[in-house]
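Protein chains: 2
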Amino acid sequence: MNIWITGAAGFVGSVLVRYLLEERPVDFAHLVLLDKRFPQTHTDPRVRMLEGDFYDPAVLEAAAAHPPDWVFHLASVPGALAERDFLLGQRVNLEGTLALLEALRARSPVVVFASSVAVYGAPLPPLVDDQTPAHPSSSYGTQKLIGELLLQDYTRRGYLDGRALRLPGIVARPPGPSGLASAFMSELLHHLKAGTPYTLPVSPQARMWWMSARCCAENLLHAAQIPLAPQEPRVFLLPALWASVEEVVAEGARLFGSDREEAIRYRPDPDLEARFGRYPPLRAERALALGFRHDGSLAQMIAQAVGV
Amino acid sequence: MNIWITGAAGFVGSVLVRYLLEERPVDFAHLVLLDKRFPQTHTDPRVRMLEGDFYDPAVLEAAAAHPPDWVFHLASVPGALAERDFLLGQRVNLEGTLALLEALRARSPVVVFASSVAVYGAPLPPLVDDQTPAHPSSSYGTQKLIGELLLQDYTRRGYLDGRALRLPGIVARPPGPSGLASAFMSELLHHLKAGTPYTLPVSPQARMWWMSARCCAENLLHAAQIPLAPQEPRVFLLPALWASVEEVVAEGARLFGSDREEAIRYRPDPDLEARFGRYPPLRAERALALGFRHDGSLAQMIAQAVGV
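First to last, the protein sequences are chains A and B.
Per UniProt numbering, the very first residue in the first sequence carries number 1; after that it's consecutive.
Per UniProt numbering, the very first residue in the second sequence carries number 1; after that it's consecutive.
One chain only, chain A, in its complex shape:
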């Protein structure tokens, strides 16, 4: 069995690669990693690293030397950047995804697509569940929803076997610019661990959905393995922890030391507070019934995100 991963050097991608290589949850012959560039190399002889745009015909042709059984399509221009640079987002998130699906059409692999809760748009309804309609209010959310629709149509036609996961905010990204407006969630966890002062751009009562990258990687792998009938819906809202910033800070203080609470200051940005501080409860019954999981507890989420 061969596995392809687009965006393999990205935040979630590199966690998934490490999980596959170090913990060996599944057997495979070749692991084909696609990304624009790879900051680190891999010594495992099963790994092929292909640098370039995942939708570049030359890259796709090189990858085809190891025809895929599973494809994890994680590569994406993130939300804030897709909003700022419209054409870049369209090229990568929409046209790139379309080109990838076309290249995969003749091979009918399982395709796991990293979609996003951004498809729901803002403001969110009082509860988000499997019936919540998608009404994107950003170019990123629009492009992700279009990716889901294409994946479902390709699946319905028997061209491939698609599964789209609507990912919540995933933590903890490495520090530094990410193009994500929700990056403060990751920054908070890093600062809680390090014990360094940090000023959050949202209020203590801001509530959002939390999932560690490790938990996300397990859900992605699970998505590739669940048996689904051809006509079953292929888009999944994932379970995630629903917690306020002050609950996360309190849990961080329990894990790392009581001085942590004093190191966190709040200077809410009205725009960020509106977009990322008002997440409602989330009920992902269909995904839970199929075995998708959240981190279990805030303590485990923090431990999996930044280590203890």
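Any given hint could be a false lead.
[Said to hold, decoys possible] Coverage of chain A stretches by chain B, computed from C-beta distances (three or more under 8 Å per stretch; other residues unrestricted):
| # | region |
| --- | --- |
| 1 | 140 to 146 |
| 2 | 150 to 163 |
[Unchecked claim] Pairwise CB distance ranges (calculated):
| # | chain 1 | residue 1 | chain 2 | residue 2 | range |
| --- | --- | --- | --- | --- | --- |
| 3 | B | Gln-205 | A | Glu-232 | 52 to 60 Å |
| 4 | A | Pro-268 | B | Leu-228 | 28 to 36 Å |
| 5 | B | Ala-106 | A | Lys-36 | 24 to 32 Å |
| 6 | A | Pro-268 | B | Arg-18 | 52 to 60 Å |
| 7 | B | Ala-62 | A | Leu-288 | 43 to 51 Å |
| 8 | A | Pro-268 | B | Leu-88 | 32 to 40 Å |
| 9 | B | Arg-254 | A | Pro-125 | 29 to 37 Å |
| 10 | B | Ala-65 | A | Arg-265 | 57 to 65 Å |
| 11 | B | Pro-123 | A | Arg-265 | 37 to 45 Å |
| 12 | A | Gly-121 | B | Pro-125 | 41 to 49 Å |
| 13 | A | Arg-293 | B | Pro-281 | 39 to 47 Å |
| 14 | A | Pro-125 | B | Leu-288 | 47 to 55 Å |
| 15 | B | Pro-281 | A | Phe-256 | 53 to 61 Å |
| 16 | A | Thr-196 | B | Leu-88 | 26 to 34 Å |
Bear in mind the hints are in silico, worked out from the structure with no lab data behind them.
All C-beta atoms in this analysis are idealised placements derived from N, C-alpha and C, irrespective of residue type, glycine included.
Fit chain B to the given chain A structure using the hints.
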């Protein structure tokens, strides 16, 4: 003011063109017609006819000699054909629409997009209204929904001023192959008028939504004229008449002669009956409040569709 129409030689397009030229509901300087070929010419000096694919850069550049204030984007690979020839549907309905929107981006015209009730998929819920979610179950419905999403994102960004109409079955298409599985609706009306025998592929109780091409053209023109705030939803379910085949036949007998009822036979095709015979009631409150209209009565619908 300049107006562009893609698919201008098509069924709805040619009715819209005739309406604009002969009844002069609005003033314009140039009417730019785009289609693959035009079976008839126009003597009106305001008309420019451009043959070719509407998404061909050379065609778009030629059209740009008359920068548009209003664009009616009607060109489309119809449902049955888009299902049979996947790549053709993707190229025209998806990539073509995307190329057109990109070409219009710098000019911010009003863009009226002919979407379709096919976005709802099958089976339909017991009632279709403004809250009914779109779950396409065909490539055509998928491509139309993607067109709506792109139009809304371009509108939200201020690139253009889009309005998408989810059109029901429009009658009466000229006889002959159309690529539409619902062509029997138009065939029925032609045969009712001519008094010629016809065997319907659905049962007498089959119920669907009916709108004449003339009524459709009026709604398209209305869509270009209604004032909408930037953040208002840009996708409209249209009012349409909800009637069974036997009600339409009975009305045809009243209009054209009582012998009409005997000339119609029924040999239901289970697939067509399931897809086109079970349309539920339709409640298009938002569109009605904004002044969109159905034909008014079955008698008017038939009269507008085939004449009396």
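Against the structure, the hints come out as follows:
{"no.": "1", "hint": "140 to 146", "verdict": "holds (count 3)"}
{"no.": "2", "hint": "150 to 163", "verdict": "holds (count 5)"}
{"no.": "3", "hint": "B:Gln-205 <-> A:Glu-232: 52 to 60 Å", "verdict": "31 Å, violated"}
{"no.": "4", "hint": "A:Pro-268 <-> B:Leu-228: 28 to 36 Å", "verdict": "33 Å, holds"}
{"no.": "5", "hint": "B:Ala-106 <-> A:Lys-36: 24 to 32 Å", "verdict": "29 Å, holds"}
{"no.": "6", "hint": "A:Pro-268 <-> B:Arg-18: 52 to 60 Å", "verdict": "59 Å, holds"}
{"no.": "7", "hint": "B:Ala-62 <-> A:Leu-288: 43 to 51 Å", "verdict": "56 Å, violated"}
{"no.": "8", "hint": "A:Pro-268 <-> B:Leu-88: 32 to 40 Å", "verdict": "52 Å, violated"}
{"no.": "9", "hint": "B:Arg-254 <-> A:Pro-125: 29 to 37 Å", "verdict": "48 Å, violated"}
{"no.": "10", "hint": "B:Ala-65 <-> A:Arg-265: 57 to 65 Å", "verdict": "59 Å, holds"}
{"no.": "11", "hint": "B:Pro-123 <-> A:Arg-265: 37 to 45 Å", "verdict": "55 Å, violated"}
{"no.": "12", "hint": "A:Gly-121 <-> B:Pro-125: 41 to 49 Å", "verdict": "22 Å, violated"}
{"no.": "13", "hint": "A:Arg-293 <-> B:Pro-281: 39 to 47 Å", "verdict": "42 Å, holds"}
{"no.": "14", "hint": "A:Pro-125 <-> B:Leu-288: 47 to 55 Å", "verdict": "25 Å, violated"}
{"no.": "15", "hint": "B:Pro-281 <-> A:Phe-256: 53 to 61 Å", "verdict": "60 Å, holds"}
{"no.": "16", "hint": "A:Thr-196 <-> B:Leu-88: 26 to 34 Å", "verdict": "58 Å, violated"}
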